[in-house]
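Novice: Just so you know, the protein sequences line up as chains A and B, in that order.
Just so you know, numbering that gives the first Met the number 0 puts 13 at position 14 of the first sequence, and the rest follows in order with no gaps.
Just so you know, numbering that gives the first Met the number 0 puts 2 at position 3 of the second sequence, and the rest follows in order with no gaps.
Warning: the hint list may mix true and false statements.
Chain copies aren't distinguished; within one or between two, either way the pair holds.
Below 35 Å or equal to it, Euclidean Cα-Cα: the simulated DSBU-like pairs (lysine-lysine) are [unchecked claim]:
| # | residue 1 | residue 2 |
| --- | --- | --- |
| 1 | K98 | K305 |
| 2 | K98 | K239 |
| 3 | K216 | K139 |
| 4 | K16 | K47 |
| 5 | K152 | K129 |
| 6 | K47 | K29 |
| 7 | K139 | K152 |
| 8 | K262 | K167 |
| 9 | K47 | K167 |
| 10 | K129 | K305 |
| 11 | K47 | K242 |
| 12 | K177 | K216 |
| 13 | K16 | K177 |
| 14 | K257 | K98 |
| 15 | K239 | K47 |
| 16 | K167 | K139 |
| 17 | K16 | K129 |
| 18 | K172 | K262 |
| 19 | K167 | K257 |
| 20 | K16 | K29 |
| 21 | K262 | K98 |
| 22 | K139 | K172 |
| 23 | K129 | K216 |
Hints were generated in silico from the structure; no laboratory data involved.
Treat the numbers as computed from the prediction; the structure is a model and nothing was measured.
Protein chains: 2
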Amino acid sequence: MFRLSILGCGSALPTTKHCLSSQVVSLHDKHYMIDCGEGTQMQFRAMKLNFQRLGHIFISHLHGDHCFGLPGLISTLGMLGRTSDLHIYAHADAVQLFKPILDYSCRAIGYSVFFHDFNPSQSELLFENKGLKVTSIPLKHRVPTAGFLFEEKEGNRHIIRAMTDFYKIPVSKMNAIKAGEDFVTPDGVIVPNVRLTLPADPAMKYAYCSDTAYYRKIIPIIESVDVLYHEATFANVDLKRAKETFHSSAAHAAEIAKEARVKQLILGHFSARYTDETILLREAQEIFPNTVLANEKMIFDIDAKKIKNK
Amino acid sequence: MFRLSILGCGSALPTTKHCLSSQVVSLHDKHYMIDCGEGTQMQFRAMKLNFQRLGHIFISHLHGDHCFGLPGLISTLGMLGRTSDLHIYAHADAVQLFKPILDYSCRAIGYSVFFHDFNPSQSELLFENKGLKVTSIPLKHRVPTAGFLFEEKEGNRHIIRAMTDFYKIPVSKMNAIKAGEDFVTPDGVIVPNVRLTLPADPAMKYAYCSDTAYYRKIIPIIESVDVLYHEATFANVDLKRAKETFHSSAAHAAEIAKEARVKQLILGHFSARYTDETILLREAQEIFPNTVLANEKMIFDIDAKKIKNK
């Protein structure tokens with residue numbers, strides 16, 4: 000189960016209503032940040048997230064509203080006494096952009112910051128550990144931009160305690176049973192794993208696609224994800240502006256969600272021009288009903304049971 | 000009359016209670032910003048200040064909590080269609096710090112940003128126009144730091160309408176009368192200016208001193224100002240920490256206010272460790288009674304009538 004925390008879902012200009020782009024995907028007590036607009040560290044704190052659990056930051060592109068919060072966050076982590084490494088995944092230019100400010104202002108911090116550059120024009124595996132895989136999603140924007148696909152790995156099967164007790168399975172064998180092995184009794188009888196365990200929780204998938212024009216090439220990559228966050232900067236009435244700025248309308252986002260057969264769509268990256276965003280929601284829901292609007296401090300539990308219920 | 004708007008008065012670590020350092024001094028419909036920590040543009044907007052009236056930004060020193068809001072603010076001003084110049088007064092290193100990020104992210108903005116460097120180790124005239132003078136105040140901190148003295152210039156005398164009507168003074172002479180000249184009637188009689196006008200409003204003085212250790216050398220520069228904003232990062236119980244970090248206690252701020260015979264003291268730059276800042280207020284008021292605590296979105300009208308009433 001992923002937990003998604005929305006720190007900011009406004010577009011370029013911060014308003015009194017929305018903060019700049021940032022969100023946190025949490026899995027197994029670790030936080031993975033996506034984008035880091037100005038003010039992200041304040042939102043992170045306001046949402047009572049734990050700075051120590053943050054180890055990896057994925058930056059979609061180098062427009063200020065998606066990355067200008069990095070120097071302040073890095074500096075604050077230093078003041079909080081951090082010692083563990085911080086990994087930032089971004090376009091190669093991020094180093095040129097941020098190194099002078101970090102060299103000057105963060106030279107005394109007690110931990111290392113590693114920039115990992117990637118090529119946003121192709122889908123690449125950016126990060127992998129035993130529970131999670133993060134892959135880039137090439138997007139279509141005014142500057143090189145990538146979204147991110149978070150794929151949970153399938154966990155262990157669930158032990159049926161009554162059965163393992165019945166067969167007196169020793170503790171030393173439990174991990175193998177959870178991993179799917181059959182059990183052989185001292186008499187040589189094979190007990191098939193399906194009698195001892197229930198299936199593992201389904202591995203969940205979350206895709207973040209912002210900023211981008213309507214771009215059908217992402218469909219095979221995000222096919223069938225449980226939750227898709229797709230930018231919806233504009234309403235249909237401003238389609239011309241969406242085209243000029245390489246952004247999407249809410250209807251575009253919904254078209255992508257529909258064709259990729261995702262389970263739920265979250266709209267975000269709202270232009271400051273809409274005081275009432277229900278127009279965006281309505282336009283998307285006409286095409287893809289299971290759509291919601293993002294908002295600051297919203298939390299989505301990306302959990303098989305919850306997503307199915309919709 | 001100055002109007003002082005507090006955008007942020009927290010210290011290094013932003014909290015859910017306080018924003019990072021920034022304030023705006025307004026005079027004759029122009030805004031002058033002092034410091035620009037991360038999140039300043041959001042606070043500026045939340046306080047309904049007008050971006051078009053902002054032309055000059057004074058940066059006390061290059062610690063992140065006083066300047067990391069610059070790239071976002073500069074970028075936002077560009078997106079809002081600004082065409083007029085923006086002047087930033089800061090230590091010379093500001094260029095090395097911010098130029099890469101501005102060159103990269105703000106190359107398409109339609110206005111020019113000028114960095115004016117100054118030497119924080121001596122008091123210098125930084126800015127002057129017909130209504131205002133801004134001078135630097137050398138402070139004592141871990142890096143080169145200066146405060147700022149804002150001095151209003153004396154305005155025009157106030158016409159006594161009944162008298163100018165009585166003497167049938169033509170409109171063409173009014174500016175000279177306001178400036179203090181006597182009036183000569185067609186018959187050659189000299190009417191002294193004091194019969195025609197009341198004195199101009201007193202010119203006000205405001206001093207900003209943050210960040211700094213207790214530093215008596217500033218006293219002659221800020222002597223008798225109407226309002227002094229002085230950092231008060233720590234309470235007496237944390238005096239050792241204040242010394243180590245080159246910050247002041249609330250009592251230090253009050254000592255400075257008392258010796259400089261200022262009219263009112265505003266405390267700010269509070270450490271995140273105090274959930275209740277009345278301890279700072281109490282410790283300062285024991286030494287200098289006319290003390291108040293700064294807070295986000297507070298507005299102080301620095302006006303002779305109001306300051307005297309206290």
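Novice: Taking the numbered hints from earlier one at a time, note which ones the structure violates and give those numbers from smallest to largest.
Specialist: Of the numbered hints, 1, 8, 9, 12, 13, 14, 16, 17, 18, 19, 21, 22 do not hold.
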